[in-house]
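Novice: As a plain string of letters, each chain reads:
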Amino acid sequence: MSSTLAQKLWDLHVVRFEGDDDLLYIDMHLLHEVNTPQAFDGLRAAGRTVRRPDLTVGTEDHNTPTIAINRAIQDPLAVEQSALMRENCAQFGIPLHRLGDPGQGIVHVIGPELGLTRPGMTIACCDSHTTTHGAFGSLALGIGTSQVEHVLATQTLALRRPGNMAVTVNGELPAGVTAKDLVLALIARIGPAGGQGCIIEYRGSAVRSLSMEGRMTLCNMSVEAGARAGLIAPDRTTFDYLRQRPGMPQGRDWDTEVAFWKSLHTDPDAVFDKEIVLDAGELSPYVSWGTHPGQSIPLAGTVPAPEDFENEQERAAAERALEYMDLTPGTRMRDIPVDTVFIGSCTNGRIEDLRQVAQVLQGRKVDRGVDVIIVPGSAQVRRQAVAEGLDQVFAEAGADFRAAAGCSMCAALNEDRLRSGQRAASTTNRNYEGRQGKGARTHILSPMVAAATAVVGRLACPADLEGQG
Amino acid sequence: MERFTVHHGTAVPLRRSNTDTDQIIPVRFCTRSTRHGHADALFADWRDDPSFALNQPEFEGASVLVAGIDFGTGSSREYAVWALQDYGFRVVVSSRFGEIFRGNAALNGLLTVAVPDDVVESLWETIEADPSAEITVDLERLEVHWLDRTQSFPLDAQVRQRLLNGLDPIAATLGHTEEIAAYESRRRAAMPLTL
Ligand code: SF4
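Here the protein sequences line up with chains A and B, keeping their order. Reading the first sequence from the start, the letters are residues 1 to 469 in my numbering. Reading the second sequence from the start, the letters are residues 470 to 664 in my numbering.
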């Protein structure tokens, strides 16, 4: 029978069928310091242990400071939470990438970077953006704390088989349009629940021509469309990326792996429950105007009015979002000034993102009224950026390239956060109320749009800078 | 986990859609390392607004939250479930839920009831007209009762069984350790290790 890639990955991992649920084996369990202490407490209280510490790895990313590697965490509760992470990992023999370690960084950035994320795997993590890892053709699921405890104890999860959804993107992305714009356009079209109950497989020529970084950005935001996971079939781009990672099999073993990875694709006559087709050529830079990622429009557009929405609930949501965002319908998106530009996160904090930012900032200065903060997604991304001289470009432009990697202002859990009423252009994934600080306003957008916005001081894309500076 | 069979209680109307888990519990409370003690953090930012439903004395003591579409989207933080429970909620009714939130709720004994939009509207009208109106949620029969109305709701059979019996899913899985070990012995050898 023909199957989708998602079905093949699922079938490869079924330990046992349990009525409506399947017990799935988890090949890699990623942990960070938030959402996990309670799982270890539960484990200890029940007298259980970690089944496979050798398939488990932790990192410190949410609470960690970014200003300096050796800076202490400020929030006393976060100090305790990070200490618990260290104690728990030590007690159960789980390797942990602490702040300052060369392999430290945002959990979804380091997994691929360390060669731990590979095609054909199941991956679970206490974080909704685990969908990122699907870019490699692995089934990657965000889970809650109780499920973390379940994976720690059993290396499995009992799950209902999700539906299959295809998002096919034909054609070619125009210059200056990236995976971020593509995914914002997709969510704007299908809504924040458009992928609910499904694993989204991204297909088509525009997806095939994305780099691994771009594919990760796309899969990362699958959860913002409500999907359980995002998925892209592995191909030459995937293999080339993996070949450079540490710990990869060599020689004939490598060939065996590649042969297996090549078998991981949807059969030609497999049937999807839902399919969405987009034309990449019609896309342009996208920015959010509201308080969820589905409330996004082209940068060339104007702030919508509640009456523009047919559905009663969307109208009410738009009204509230406009009030929170302090925006007037009809305002050109390009006329919206920002206080802060934040570049980073598991969506857009990788080396390719920083290269794109540097390209825009090269030989330009950021607007005097704007704080520009660039936080590398991992320690490795930072080293690479320095090796390429991107740090110089950022410094000359007047941007603050942080010393340490982490989630930073994406979650605003460390000391990097906006003040109430401030407005930011962010390369992050969520523009929820208060996401970047209580009362703060967020516009999500691509790294290139963020960089151009930093120069102009208002929402802008690189094309707007032509002839300038 | 506390068992769930039939619940009677009063309700709070939350006339908002897209209540993501960042609103249910803002991230600054997620540096706490306990499962309990999060009642104060529930909807902490929205509670600054005196007109917010939870600030109305007539809804005090309510145990059913009736919310607009797409409740619990976003972050996987289980704190959202814990905060709702610590505050005293046993049931959340909405026309659609974020999937990770819904799974987390089921594992903690918080019942999520999905009903059509017009039923949510009718519940809102009922409670706004009479905050003391009693809502009954019957997990055995998969029905919600209010005034003289009854609405059935769908629920995953396994989730229902678990809530009715208060089972520990980890203990159940540990009962299949042999099958897990058998799977491990046939896994692809080249899969990465962290140690
Ligand atoms: S960067 Fe943001 S979205 Fe990604 S894991 Fe960190 S807090 Fe979550």
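Rather than coming from a laboratory, the hints here were simulated on the basis of the structure. We treat Cβ as the ideally placed atom computed from N, Cα and C, and that holds for glycine. Possibly wrong hints are sitting among the right ones.
As the list claims (entries may be wrong) - Rough simulated footprint, nothing fancy, chain B against chain A, three-plus residues with beta-carbon under 8 Å:
1. 49-60
2. 97-106
3. 253-267
4. 377-385
To be verified - Which chain A residues face chain B? A few, computed with CB under 10 Å, are given here:
5. Asp21
6. Met28
7. Gln38
8. Ala90
9. Gln91
10. Gly93
11. Thr145
12. Thr156
13. Ala188
14. Thr291
15. Glu314
16. Leu413
Novice: Evaluate each hint against the coordinates.
Specialist: A quick look at each hint next to the structure:
1. 49-60: Contact hint for the region 49-60 of chain A vs chain B: holds, 6 residues under 8 Å.
2. 97-106: violated (count 0)
3. 253-267: Since 4 is at least three, the answer is holds.
4. 377-385: violated (count 0)
5. Asp21: holds (6 Å)
6. Met28: holds (7 Å)
7. Gln38: holds (5 Å)
8. Ala90: Check failed: Cβ of Ala90(A) comes no nearer than 13 Å to chain B, outside 10 Å.
9. Gln91: With a closest approach of 15 Å, the Gln91(A) hint is violated.
10. Gly93: Gly93(A) check passes; min Cβ-Cβ to chain B is 8 Å, inside 10 Å.
11. Thr145: holds (4 Å)
12. Thr156: Check passed: Cβ of Thr156(A) comes within 6 Å of chain B, closer than 10 Å.
13. Ala188: It is violated, given that the least Cβ distance between Ala188(A) and chain B is near 14 Å, above 10 Å.
14. Thr291: holds (8 Å)
15. Glu314: holds (8 Å)
16. Leu413: holds (5 Å)
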